[in-house]
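Asker: Sequence:
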Amino acid sequence: MVFTTRAIFKNEASFAQLEAKLRRIKEKSLAQAHNLSIISPSQWLHQHASRSRILKRFPHHCFPHGLDLQTFKPLDKQISRQILNLPSDKKVILFIADSVHNERKGFAYLMAALRLIPHDDLLLAIVGNGQPNQSPLAVQKLHFITDDRLLAAAYSAADLCVVPSLEDNLPNTVLEAMACETPVLGFAVGGIPEMIRPTKPVCWPKLKIFRIWPQKFITWLRMKKCALF
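All residue numbers for the sequence shown refer to my numbering, where the first residue is 1 and numbers rise by one.
What the hints contain is simulated information worked out from the structure, not anything from laboratory work. Check the hints yourself; a few may be wrong.
Cross-link-like lysine to aspartate or glutamate pairs, in silico, DMTMM-like; alpha carbons within 20 Å at most [as the list claims (entries may be wrong)]: (1) K77 - D148; (2) K141 - D121; (3) K77 - E194; (4) K90 - D120; (5) K141 - D120; (6) K77 - D159; (7) K141 - D159; (8) K77 - D89; (9) K77 - E19; (10) K77 - D121; (11) K73 - D159; (12) K90 - D121; (13) K91 - D147; (14) K91 - D76; (15) K141 - D98; (16) K91 - D159; (17) K90 - E181; (18) K90 - D159; (19) K91 - D121; (20) K90 - D76; (21) K73 - D148; (22) K56 - E27; (23) K141 - D89; (24) K73 - E167; (25) K141 - E103; (26) K91 - D120; (27) K56 - E19; (28) K73 - E27.
Computed beta-carbon distance windows for the label pairs [unchecked claim]: (29) N85 - G130: 16 to 24 Å; (30) A31 - P118: 40 to 48 Å; (31) S50 - Q78: 27 to 35 Å; (32) H61 - Q140: 37 to 45 Å; (33) D120 - Q17: 29 to 37 Å; (34) R51 - I79: 42 to 50 Å; (35) T146 - Q78: 18 to 26 Å.
All C-beta atoms, glycine included, are put in the ideal place defined by N, C-alpha and C.
Generate coordinates for the entire structure from the input sequences, incorporating the hints supplied.
Answerer: Here you go:
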């Protein structure tokens with residue numbers, strides 16, 4: 001897959017033709033390669049790459065992403081909210097993506113879930129481009145944050161970070177939120193289940209178990225096969 005979600009890709013004949021063309025280019029480029037190793041950040045990608053017709057003859061290794069724990073660490077919630085001008089009397093849900101209109105990031109699924117629960121005391125903070133249409137709750141745009149220290153403040157300011165990606169590899173958003181001890185919800189796709197597990201902590205023993213949200217939200221997410229930590 002190249003440009004879009006797998007579902008759209010399957011329904012677009014032109015994408016399949018382009019993919020076949022790119023595959024031939026890759027095969028030709030790698031035909032003479034011998035001293036080459038393939039590195040994947042997640043077991044999910046590692047397994048796919050190992051089975052690839054083009055790459056399976058090479059040695060494969062899995063090295064997960066690292067993280068600067070001097071930057072991504074728990075910060076005072078109220079101070080973080082003051083820095084970002086977020087209200088102190090709301091439960092803040094954080095969504096981070098290049099754009100809310102990127103289908104692969106699953107923003108529409110988050111909107112559908114939020115419509116099922118009471119939301120008077122909720123605020124959705126969005127890092128990235130795009131404006132949501134008819135959001136069921138109050139929205140505060142934080143736009144793009146390029147300073148990692150401010151990004152750590154955004155995670156620390158949130159009560160929950162939601163990663164509803166429909167397709168993903170090993171998104172840094174999950175690791176960064178967990179490093180800031182912010183609970184994370186996400187779908188069980190790609191490498192996300194390698195980081196978020198419903199039964200035990202993966203990386204951060206102090207991570208709070210998510211129990212503060214209404215049962216309908218949790219039920220809806222479980223029906224969608226989410227990973228709940």
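Asker: Work down the list of hints and note, for each, if the structure agrees.
Answerer: Taking the hints in turn, this is what the structure says about them:
no., hint, in the structure
1, K77 - D148, "holds (16 Å)"
2, K141 - D121, "holds (17 Å)"
3, K77 - E194, "violated (27 Å)"
4, K90 - D120, "holds (9 Å)"
5, K141 - D120, "holds (18 Å)"
6, K77 - D159, "holds (9 Å)"
7, K141 - D159, "holds (16 Å)"
8, K77 - D89, "holds (12 Å)"
9, K77 - E19, "violated (46 Å)"
10, K77 - D121, "holds (17 Å)"
11, K73 - D159, "holds (15 Å)"
12, K90 - D121, "holds (5 Å)"
13, K91 - D147, "violated (24 Å)"
14, K91 - D76, "holds (15 Å)"
15, K141 - D98, "holds (13 Å)"
16, K91 - D159, "holds (6 Å)"
17, K90 - E181, "holds (18 Å)"
18, K90 - D159, "holds (9 Å)"
19, K91 - D121, "holds (6 Å)"
20, K90 - D76, "holds (16 Å)"
21, K73 - D148, "holds (11 Å)"
22, K56 - E27, "holds (12 Å)"
23, K141 - D89, "holds (17 Å)"
24, K73 - E167, "violated (27 Å)"
25, K141 - E103, "holds (19 Å)"
26, K91 - D120, "holds (10 Å)"
27, K56 - E19, "holds (18 Å)"
28, K73 - E27, "violated (43 Å)"
29, N85 - G130: 16 to 24 Å, "holds (20 Å)"
30, A31 - P118: 40 to 48 Å, "violated (60 Å)"
31, S50 - Q78: 27 to 35 Å, "violated (47 Å)"
32, H61 - Q140: 37 to 45 Å, "holds (41 Å)"
33, D120 - Q17: 29 to 37 Å, "violated (50 Å)"
34, R51 - I79: 42 to 50 Å, "holds (48 Å)"
35, T146 - Q78: 18 to 26 Å, "holds (24 Å)"
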